[in-house]
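Protein chains in written order, with the working numbering: chain C, 1 to 197; chain U, 1001 to 1197.
In case anyone wonders, no lab produced these hints; they're calculated from the structure. Bear in mind the structure is a predicted one, so any value in this text is a computation, not a measurement.
Simulated restraints on C-beta separations:
#1 1037/U <-> 139/C: 53 to 61 Å
#2 1107/U <-> 74/C: 31 to 39 Å
#3 19/C <-> 1196/U: 49 to 57 Å
#4 1035/U <-> 197/C: 40 to 48 Å
#5 19/C <-> 1018/U: 44 to 52 Å
#6 71/C <-> 1179/U: 31 to 39 Å
#7 179/C <-> 1043/U: 41 to 49 Å
#8 139/C <-> 1098/U: 31 to 39 Å
Ideal placement from N, C-alpha and C gives every residue a C-beta, glycine not left out.
2 protein chains.
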Amino acid sequence: MASPTRRGRRPGSPDTRAAILAEARTLFAAQGYAGTSVRGVATAAGVDAALVHHYFGTKDDLFLAALELPIDPRVALAPAIAAGPDGAGERMLRVFLSVWDDPQLQLPLLGVFRGVVDPDGQRLLRDGFLPAVLGPVGVALGLDRPELRMPLLASQVLGLILVRYVLAVEPVASMTADEVVAIYAPTLQRYLTGPLA
Amino acid sequence: MASPTRRGRRPGSPDTRAAILAEARTLFAAQGYAGTSVRGVATAAGVDAALVHHYFGTKDDLFLAALELPIDPRVALAPAIAAGPDGAGERMLRVFLSVWDDPQLQLPLLGVFRGVVDPDGQRLLRDGFLPAVLGPVGVALGLDRPELRMPLLASQVLGLILVRYVLAVEPVASMTADEVVAIYAPTLQRYLTGPLA
Chain C
1 MASPTRRGRR
11 PGSPDTRAAI
21 LAEARTLFAA
31 QGYAGTSVRG
41 VATAAGVDAA
51 LVHHYFGTKD
61 DLFLAALELP
71 IDPRVALAPA
81 IAAGPDGAGE
91 RMLRVFLSVW
101 DDPQLQLPLL
111 GVFRGVVDPD
121 GQRLLRDGFL
131 PAVLGPVGVA
141 LGLDRPELRM
151 PLLASQVLGL
161 ILVRYVLAVE
171 PVASMTADEV
181 VAIYAPTLQR
191 YLTGPLA
Chain U
1001 MASPTRRGRR
1011 PGSPDTRAAI
1021 LAEARTLFAA
1031 QGYAGTSVRG
1041 VATAAGVDAA
1051 LVHHYFGTKD
1061 DLFLAALELP
1071 IDPRVALAPA
1081 IAAGPDGAGE
1091 RMLRVFLSVW
1101 DDPQLQLPLL
1111 GVFRGVVDPD
1121 GQRLLRDGFL
1131 PAVLGPVGVA
1141 LGLDRPELRM
1151 PLLASQVLGL
1161 ILVRYVLAVE
1171 PVASMTADEV
1181 VAIYAPTLQR
1191 YLTGPLA
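Let's have the full structure, built from the sequences with the hints guiding it.
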């Protein structure tokens, strides 16, 4: 941590954490999740890789910090996943609704969602959020073909976000969580564990 | 058509059509589909309402012209709808894929889709596209609760657009039309005619 810093920034100074996060955002957006390393972020920020790990943990943790989500989706989804694949569609959907229906969480989430029309934001979602968050969910659930099933799940969840929260199309926007679950949980469960062809 | 024009624009001059379209875009975006009338567009453009009808047809036609879609979705979907509700999910999906998989049509459609993050674009989609295009489809198919079922269909179609075309998430982005149909047609058909609770 006493290694020479490229920009003369003092490790551990108050702005070091913010500088690391800014470089992480830039690199993840420019190079995608797979093309970005903790070492590369450390070099760009002029600090030692150990300091990045100290502040942010793993590369996945750093990536999620860079996304600035108001919650850690891995923590929120853990109980829904631990109960196994049966009914996981409904359990994950209920977690999702409890987060998105909370006005204080919805606002920053809508900000992240706006990234879908921006090339950098698209890369973060496609090359970062899916492999860092959705991929491990599919594996933890023990799905066959998780690399196909999780993007299918994402396609209906993203469409629901668009109609219920972004466009606020009635009657979907005003449905209770139970009504949304009755309609969408069967779709999500089929994408997770049902026949696809 | 020889009525006095508010801005002195000559009816029938080469720029009159463009001026009407520009005013239509502004008014539909600011006031929504329901809040905009052909007469209001005519007044804003300084022409007679009959000239607006002459150039653009009905209010729905004017609205779709203002959206600048590369095709008329009502014309494209007509055969899929005429065959009735059974199998309409698959038939509408095949029309949708034939349009979106065409690179020349996809580019302008992606431009329209970018409107989902813009308040004006959101209003056009929610208050215009749904009532002008999707609403009549649900009625023509004779669905029960078309006002619920068409937004559900839209939620999966929009999510598919996001994953396949906007984010280009694999393997969905590279699937053949038949593979997409095998996965998504059952979802769309359930939203159109299946049990929802």
